[in-house]
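Novice: Below, each chain spelled out in residue letters.
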Amino acid sequence: MRVTFERRLSQPWWLSVVVPVGAVILAFVIAGILFLATGIDPLSTYRELFNAAFFQTGSLSQTLITATPLAFTGLAAAAAFRMKLYNIGAEGQMYMGAIFGSAAGLYLGSHVSSSAFAIAGMIVAGIAGGAAWALISGVLKAFFSTSEILTSLLLNYVAGLILTYLIFESESYWRQTKGFNATVFPTGKQLPKVAQWPTWTINLQGGIVVPFGAIVAVIVAVILWLLYSRTRFGFGAQVLGDSERAARYSGVRVRRKILAVMGLSGAIAGIGGASQVGDFAHALDGDPNGLQKLGYGYTGIVVAALARYNPFATLLVAFLLGGLQNAGNTLQGPNFPAGLVGVLQGIILFCALGCELLVRYRVRIHRKAAAKGTAAPAPAPKAAS
Amino acid sequence: MATDAAVPAVSMRGVTKRFPGVVANDKVDFEAAPGEVHALLGENGAGKSTLSNILTGLYQPDEGRIELYGEPVAFASPREAIDAGVGMVHQHFRLVSRFTVAENLVLGDRRGAGRYFHIDPSAIATQVRELGERYSLPVDPRARIWQLSVGEQQRVEILKALYQEARILILDEPTAVLTPDEADTLFVTVRQMAEEGRTVIFISHKLHEVMAVSDRVTVLRAGKALATVRTADATPESLTELMVGREIETATRQGRAQPEGVPVLEVEDLWADGDRGTVAVRGVTLTVHAGEIAAIAGVAGNGQRELAEAIAGLRPSTKGMVRVNGRPVHTGDAQAAFEAGIGYVPEDRLGTGLSPTLPIAMNLSLKSYRHESVGPFLRLHLMRHKAEDEIRIFEIKCAGPDQETDELSGGNLQKVVIAREFSAHPSVLIAASPTRGLDVAAVEQVHSYLMQAAEEGAAVLLISEDLDEILALNDRVLVMYEGTLTAVEDRESVSEIGLRMAGGTPG
Amino acid sequence: MNNSLLVVILASGVAYGTPLLYAALGELLAERSGVLNLGVEGMMLGGAVMGFWTVQRVHANTGVALTAAIVVAALMGAALASIHAFLVITLRASQIVSGLALTIFAGAVGLSSYLGNDLNLADSPAAHTFNAVFPKSMQNWPIVGPIIFGQNVLVYVSWLCVVLVSLYLSRTRPGLNVRAVGESPAAADTMGISVTRYRYAHTLVGGAFAGVAGATITLAITPQWVNGITGGAGWIAIALVIFAFWRPELCLVGAYFFGSLQALAPQLQARNIHLGPTVLWTNALPYVMTIVVLVIVSSGTAKSRLGAPEALGVAYVREER
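Protein sequence lines, in the order shown, are assigned to chains G, C and A. Heads up, the first sequence stops at 385 in the working numbering, and the numbers go up one at a time, no gaps. Heads up, the second sequence stops at 507 in the working numbering, and the numbers go up one at a time, no gaps. Heads up, the third sequence stops at 321 in the working numbering, and the numbers go up one at a time, no gaps.
The hints are simulated quantities; they were obtained by calculation from the structure and are not laboratory data. Here the structure is a predicted model, which is why all the values come from computation and not from measurement. Just to be clear, a hint being listed does not mean it is correct.
[Claimed, not checked] With beta-carbon atoms standing in for the labels, derived distance ranges:
(1) A:Pro-266 / C:Pro-316: 42 to 50 Å
(2) A:Pro-266 / G:Leu-226: 46 to 54 Å
(3) A:Arg-171 / G:Ile-33: 39 to 47 Å
(4) C:Ser-238 / A:Arg-171: 53 to 61 Å
(5) G:Gly-39 / A:Gly-231: 55 to 63 Å
(6) C:Val-22 / A:Val-71: 49 to 57 Å
(7) A:Pro-174 / C:Gly-245: 31 to 39 Å
(8) G:Phe-143 / C:Arg-282: 26 to 34 Å
(9) C:Thr-357 / A:Gly-231: 19 to 27 Å
[To be verified] Distance condition first, Cα-Cα at most 25 Å in a straight line; then the derived DMTMM-like pairs of lysine to aspartate or glutamate:
(10) G:Lys-84 / C:Asp-402
(11) C:Lys-224 / C:Glu-241
(12) C:Lys-224 / C:Glu-195
(13) C:Lys-224 / G:Glu-6
(14) C:Lys-206 / C:Asp-402
(15) C:Lys-27 / C:Glu-195
(16) G:Lys-293 / G:Glu-48
(17) C:Lys-206 / C:Glu-237
(18) G:Lys-84 / C:Glu-241
(19) C:Lys-206 / C:Glu-407
(20) G:Lys-84 / C:Glu-404
(21) G:Lys-84 / C:Asp-466
(22) G:Lys-84 / C:Asp-348
(23) G:Lys-293 / A:Asp-123
(24) C:Lys-27 / G:Glu-6
(25) G:Lys-84 / C:Glu-173
(26) C:Lys-397 / C:Asp-475
(27) C:Lys-319 / C:Asp-333
(28) C:Lys-224 / C:Asp-439
(29) C:Lys-397 / C:Asp-439
(30) C:Lys-224 / C:Asp-402
(31) C:Lys-206 / C:Glu-173
(32) C:Lys-206 / C:Glu-195
(33) C:Lys-397 / C:Glu-347
(34) C:Lys-206 / C:Glu-492
(35) C:Lys-206 / C:Glu-404
(36) G:Lys-84 / A:Glu-310
(37) G:Lys-293 / A:Glu-249
(38) G:Lys-84 / C:Asp-333
(39) C:Lys-397 / C:Glu-339
(40) C:Lys-224 / C:Glu-67
Just so you know, even glycine gets a beta-carbon here, dropped at the ideal spot from N, CA and C.
When you get a sec, could you build the whole thing from the sequences and use the hints?
Specialist: Here it is as structure tokens:
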């Protein structure tokens with residue numbers, strides 16, 4: 001039996017819905033088999049997981065807390081990956097957004113009385129921080145053709161070191177230096193009330209708290225969609241993402257585009273960092289076991305890839321994976337080791353990647369085994385004259 | 001010659017191969033005798049390459065039987081075909097460009113010096129040198145492939161087959177990359193190999209070559225083998241009729257333009273580097289007038305592509321000047337070239353000329369989208385209407401403007417490129433190998449579009465390796481060799497142009 | 001003399017460079033066959049955790065336990081690499097995304113962390129570790145003592161691996177074949193070399209090397225299990241392959257260069273020497289220097305492609321029209 005893949009002549013529209021959904025189901029089946037092998041009951045695990053993620057009281061509020069940063073890092077990855085710019089530095093760009101955003105929040109919070117002004121300032125600062133950090137990789141890619149994959153990844157570690165340094169190893173502007181607690185364990189300065197981001201409550205499930213950042217993420221998704229599908233900028237970027245030679249041929253300024261896309265991607269991750277400070281932590285988190293352990297930037301890549309880099313699908317996937325991650329945190333314990341959710345996410349992504357082929361190709365199974373070739377004995381050619 | 005030998009070297013019966021949406025070979029019968037040069041004649045897309053890929057084990061047929069020297073075979077892999085004595089020189093060489101000649105020859109070898117686990121480069125080199133001398137195919141075994149000219153690379157391909165002791169040798173469009181002189185030398189080698197008792201299957205769509213070199217001809221059309229005839233009994237006319245199924249009206253230029261007035265395209269002492277950093281264009285000076293078709297002949301790799309790209313803004317020049325309608329054009333800037341009125345049909349359709357996985361509509365607006373917008377926003381409706389119009393006018397066969405471009409056939413891909421470039425009404429139109437790989441009907445259409453562009457007043461610069469095409473369309477012929485351009489006098493014959501293509505000067 | 005900063009840094013540079021060297025050799029083999037595997041970090045963590053688990057659980061003498069640990073680590077690396085191989089070779093998924101997925105799947109928030117927690121590996125030192133093999137007297141020889149004779153067996157095996165990989169690629173038939181597969185799969189295919197088989201084999205062997213690299217960290221350098229213990233070494237190894245122009249000999253040089261950079265921070269801190277204004281500079285140095293070296297190597301555009309296999313990252317499909 002031989003299996004070959006044949007290019008589909010046309011792609012039925014429903015395939016692009018059925019295939020990803022099928023991939024997720026397949027992933028849960030594979031993970032279930034793995035769980036069975038390690039002595040975990042998959043069905044009850046899944047039930048617990050989904051309850052903790054979406055159904056029990058207060059779960060959706062918790063899920064939004066993890067889904068919001070994932071939406072930002074996912075959109076950041078989607079913005080770049082779609083153009084075949086593999087920015088895997090959303091993690092570090094988010095830290096930089098948090099550093100810049102909290103600086104703006106701390107300063108504006110004690111100098112202005114308008115909350116809107118302080119929050120806008122934080123967002124702008126977050127954009128600046130994230131974009132600047134991403135542009136390091138962008139410039140190196142555009143002018144020295146250095147792999148953006150490696151530089152953006154390595155810069156994540158540098159950004160993490162800076163973050164830790166600001167709170168733990170220096171007396172920086174961000175660090176809380178007064179008070180008893182500050183002498184026991186280093187922490188970031190608390191954001192003034194004016195600069196803390198608002199929340200809204202929906203009267204469902206005992207009150208779902210929607211952070212301001214989640215709404216910003218939706219707005220960013222809409223802007224991103226408009227930008228890529230409706231503007232001249234997006235047209236050129238789409239061509240560049242498909243074929244660099246065709247982009248040069250059509251007159252796209254490739255360097256400028258690389259810088260713009262990297263900057264945009266970093267900026268989105270940077271808003272995510274500002275939202276971390278403004279929405280949730282209300283102080284810069286420099287603990288190597290805090291924000292840096294959560295790996296939002298890396299999970300964002302999973303989110304974007306599962307969403308096939310579509311902004312709206314990214315929001316949806318961020319919500320679902322945010323739920324899983326939240327459930328993982330809630331259930332963590334001896335029966336539910338940390339990392340389990342990461343494993344599940346990885347399997348989902350593998351299945352999605354593997355099944356993508358089915359959208360473009362048809363699988364053909366040849367039942368007839370090919371007969372072994374037999375070399376025919378034949379007269380040797382006459383010697384050269 | 002052993003045309004009537006009792007046991008044929010190759011016998012294919014009822015061979016069928018299907019690809020999604022197309023039957024590439026439809027119950028093909030084919031037979032070739034030991035010591036015979038057997039030509040496979042047919043248009044592009046007639047199924048010649050598929051048939052030879054089946055014979056070399058690259059594809060497995062869906063139906064049919066194959067016998068070599070009377071023994072049935074079913075190759076599951078290229079290795080088995082090689083072991084059975086089938087060798088092939090592919091049209092696009094299958095050589096590892098960073099390897100040496102010797103390394104390419106022993107690759108995958110199970111008989112000669114390469115059968116040992118340990119490889120001794122100098123021993124292999126000696127062996128390769130001897131083989132080259134025996135067949136008067138001289139190449140330096142230690143040279144890297146990328147350092148060799150295209151003609152030399154073809155010699156390596158042939159040597160590779162001989163090194164593998166191929167008794168049946170398939171040559172796929174071997175003259176496409178050669179100058180007329182080099183082609184003549186190749187024919188001598190082909191005859192020598194046949195006289196040694198080998199079977200040579202010579203794939204071509206050029207009649208005069210088939211008439212010159214083969215003993216018998218099998219004509220393929222639309223995947224079917226129509227007939228096998230002795231070359232001596234055939235005439236070019238009878239073969240053409242078989243191949244195309246109707247008489248072809250070869251497009252020839254009517255009333256050639258006389259260069260007059262101000263030249264539209266002026267290129268002055270242009271220098272440009274190639275991809276590997278070497279100088280590819282060495283001081284080219286050239287003018288093309290409105291309504292004129294200037295044709296550049298030459299063997300691939302002599303700087304034609306780099307010249308076209310420099311004029312079209314895709315490659316920065318290191319020195320020199322390009323002017324359109326008297327105004328200088330910045331050479332590294334494709335957008336500026338487009339705005340200046342330069343249209344460019346590139347050699348590489350899919351990948352450069354078209355963005356493969358984007359919809360057809362986007363590819364039709366690939367250059368003009370900057371003008372089809374309100375502020376930063378695109379006018380998607382306008383683009384769509386334009387695409388629908390152009391699909392109709394240029395008869396592009398597709399499912400609609402939203403279809404992914406790379407799903408189209410070669411001829412329709414080229415129509416998309418031409419539709420886009422023509423509808424911008426360029427003052428200068430550069431067409432690089434615009435008909436490569438197209439079937440006869442599509443070739444005719446492309447030719448008539450080019451002539452139409454000239455009639456409408458564009459200055460057309462045609463770059464081609466196909467001398468027939470150049471002779472059919474030109475107002476003026478130029479030859480490019482190693483980065484420099486020389487003009488051809490009106491009275492020069494084909495062989496004199498060929499001499500120029502090889503770097504010589506006639507007379 | 002053997003206490004001088006330079007000797008100490010070079011000696012620990014060789015030790016720190018060894019996991020980089022193993023991982024880079026593995027990645028080099030995969031890339032030479034045309035498969036880019038960005039999952040090195042994940043495969044290293046997988047090997048690190050499983051190697052560590054083996055020494056904690058196998059009750060045998062040190063030699064047996066450590067050998068078993070290396071074998072288990074190599075198998076773990078190869079098993080993880082097989083996921084990538086299946087996705088990109090058979091199913092033609094994007095090599096970049098699949099490699100990233102592998103790192104995320106097996107990395108610090110995934111499988112390695114899960115195994116570390118589930119098997120209760122944290123907070124206890126390794127039961128067996130790789131130690132220096134030569135007698136103390138030799139280790140005390142000036143300069144060469146600590147640098148060359150003060151190392152554990154994994155270091156000497158890695159030298160052997162460099163020689164073997166180098167000879168394999170340049171002087172053997174399978175080596176020639178794999179280079180052809182990475183440069184021009186179409187040419188290799190017409191010559192009857194199975195592109196799929198070669199790519200699978202080299203991706204898996206590459207994964208095994210990465211697994212051993214991970215075990216080198218948890219069994220020789222810092223003999224304990226900490227979540228995410230590789231700290232980006234896998235990524236530096238990928239950069240190293242580029243830096244080495246895809247040549248094994250140069251991987252050796254590069255690995256010790258980057259190893260020395262990593263050794264720099266703890267050594268300087270121990271001696272209370274500050275490089276630049278703060279400790280931040282010293283800690284960030286290995287990452288920043290990797291970026292700087294990458295930029296230098298890739299800025300000469302033509303040069304950077306000198307060694308890169310031409311078909312790197314491209315799926316090979318024969319029968320497509």
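Novice: All hints are to be evaluated individually against the structure, with a verdict given for each.
Specialist: Status of the hints after comparison with the structure:
1. Here the CB-CB span from Pro-266 of chain A to Pro-316 of chain C is close to 49 Å, well matched to the stated 42 to 50 Å.
2. Against the hinted window of 46 to 54 Å, the Cβ-Cβ separation of Pro-266 of chain A and Leu-226 of chain G comes to about 50 Å, which satisfies the hint.
3. About 45 Å separates the C-beta atoms of Arg-171 of chain A and Ile-33 of chain G, a value consistent with the hinted range of 39 to 47 Å.
4. Between Ser-238 of chain C and Arg-171 of chain A, the C-beta spacing of about 57 Å keeps the proposed range 53 to 61 Å intact.
5. Checked against the hint of 55 to 63 Å, the C-beta distance between Gly-39 of chain G and Gly-231 of chain A comes to roughly 32 Å, which is inconsistent with it.
6. Between Val-22 of chain C and Val-71 of chain A, the C-beta spacing of about 51 Å keeps the proposed range 49 to 57 Å intact.
7. Separated by about 50 Å at the C-beta atoms, Pro-174 of chain A and Gly-245 of chain C break the suggested range of 31 to 39 Å.
8. The given range of 26 to 34 Å is respected by Phe-143 of chain G and Arg-282 of chain C, whose C-beta atoms sit roughly 29 Å from each other.
9. Between Thr-357 of chain C and Gly-231 of chain A the CB atoms are about 38 Å apart, so this pair departs from the stated range of 19 to 27 Å.
10. Distance restraint check for Lys-84 of chain G and Asp-402 of chain C: the Cα-Cα separation of roughly 22 Å lies within the 25 Å cut-off, and the hinted pair is therefore satisfied.
11. About 15 Å separates the Cα atoms of Lys-224 of chain C and Glu-241 of chain C, which keeps this hinted pair within 25 Å; it holds.
12. Simply put, Lys-224 of chain C and Glu-195 of chain C have alpha-carbon atoms about 30 Å apart, too far for the 25 Å limit, and the pair is violated.
13. Restraint check for Lys-224 of chain C and Glu-6 of chain G: satisfied, since their Cα atoms lie roughly 23 Å apart, inside the 25 Å limit.
14. Between Lys-206 of chain C and Asp-402 of chain C the alpha-carbon distance is near 37 Å, which puts this suggested pair outside the 25 Å criterion.
15. For the hint pairing Lys-27 of chain C with Glu-195 of chain C, the CA-to-CA distance comes to about 31 Å; that exceeds 25 Å, so the pair is violated.
16. Restraint check for Lys-293 of chain G and Glu-48 of chain G: the C-alpha separation of about 24 Å stays at or below 25 Å, so the hint holds.
17. About 12 Å separates the Cα atoms of Lys-206 of chain C and Glu-237 of chain C, which keeps this hinted pair within 25 Å; it holds.
18. Distance restraint check for Lys-84 of chain G and Glu-241 of chain C: the Cα-Cα separation of roughly 49 Å exceeds the 25 Å cut-off, and the hinted pair is therefore not satisfied.
19. At roughly 28 Å between alpha-carbon atoms, Lys-206 of chain C and Glu-407 of chain C are farther apart than 25 Å, so this suggested pair is violated.
20. Simply put, Lys-84 of chain G and Glu-404 of chain C have alpha-carbon atoms about 18 Å apart, close enough for the 25 Å limit, and the pair holds.
21. Taken as a hint, the Lys-84 of chain G and Asp-466 of chain C pair is broken in the structure, with Cα atoms around 37 Å apart against an allowance of 25 Å.
22. For the hint linking Lys-84 of chain G to Asp-348 of chain C, the alpha-carbon distance of about 21 Å falls within 25 Å, and the restraint holds.
23. Distance hint between Lys-293 of chain G and Asp-123 of chain A is fulfilled; the C-alpha atoms sit about 18 Å from each other, no more than 25 Å.
24. The hinted pair formed by Lys-27 of chain C and Glu-6 of chain G meets the criterion: a straight-line CA distance of about 22 Å does not exceed 25 Å.
25. Our distance criterion of 25 Å between C-alpha atoms is broken by Lys-84 of chain G and Glu-173 of chain C, whose separation comes to about 37 Å.
26. With a C-alpha separation of about 32 Å, the suggested pairing of Lys-397 of chain C with Asp-475 of chain C is violated against the 25 Å cut-off.
27. Between the alpha carbons of Lys-319 of chain C and Asp-333 of chain C the distance comes to roughly 15 Å, so the proposed pair stays at or under 25 Å and holds.
28. Taking the CA atoms of Lys-224 of chain C and Asp-439 of chain C, the gap is near 15 Å; set against the 25 Å cutoff, the hint holds.
29. Distance restraint check for Lys-397 of chain C and Asp-439 of chain C: the Cα-Cα separation of roughly 15 Å lies within the 25 Å cut-off, and the hinted pair is therefore satisfied.
30. A distance of roughly 33 Å separates the Cα atoms of Lys-224 of chain C and Asp-402 of chain C; the hinted pair therefore is violated under the 25 Å criterion.
31. This hinted pair checks out: Lys-206 of chain C and Glu-173 of chain C have alpha carbons roughly 9 Å apart, not beyond 25 Å.
32. Between Lys-206 of chain C and Glu-195 of chain C, the direct Cα distance comes to roughly 23 Å. Compliance with the 25 Å bound is thereby established for this hinted pair.
33. Pair hint Lys-397 of chain C plus Glu-347 of chain C holds up; C-alpha atoms about 21 Å apart against a cutoff of 25 Å.
34. Proximity of Lys-206 of chain C to Glu-492 of chain C is assessed by CA-CA distance (about 22 Å); at most 25 Å being required, the pair is judged to hold.
35. The straight-line distance between the Cα atoms of Lys-206 of chain C and Glu-404 of chain C is roughly 33 Å, outside the 25 Å bound, and the hint therefore fails.
36. With a C-alpha separation of about 19 Å, the suggested pairing of Lys-84 of chain G with Glu-310 of chain A holds against the 25 Å cut-off.
37. Between Lys-293 of chain G and Glu-249 of chain A the CA atoms are separated by roughly 36 Å; this puts the pair beyond 25 Å, and the hint is violated.
38. A hinted pair counts as satisfied when its Cα atoms are at most 25 Å apart, and Lys-84 of chain G with Asp-333 of chain C qualifies at roughly 23 Å.
39. Between Lys-397 of chain C and Glu-339 of chain C, the direct Cα distance comes to roughly 29 Å. Violation of the 25 Å bound is thereby established for this hinted pair.
40. The suggested pairing of Lys-224 of chain C with Glu-67 of chain C holds, with an alpha-carbon distance near 19 Å, which does not exceed 25 Å.
Hints 5, 7, 9, 12, 14, 15, 18, 19, 21, 25, 26, 30, 35, 37, 39 from the earlier list are contradicted by this structure; the remaining hints agree with it.
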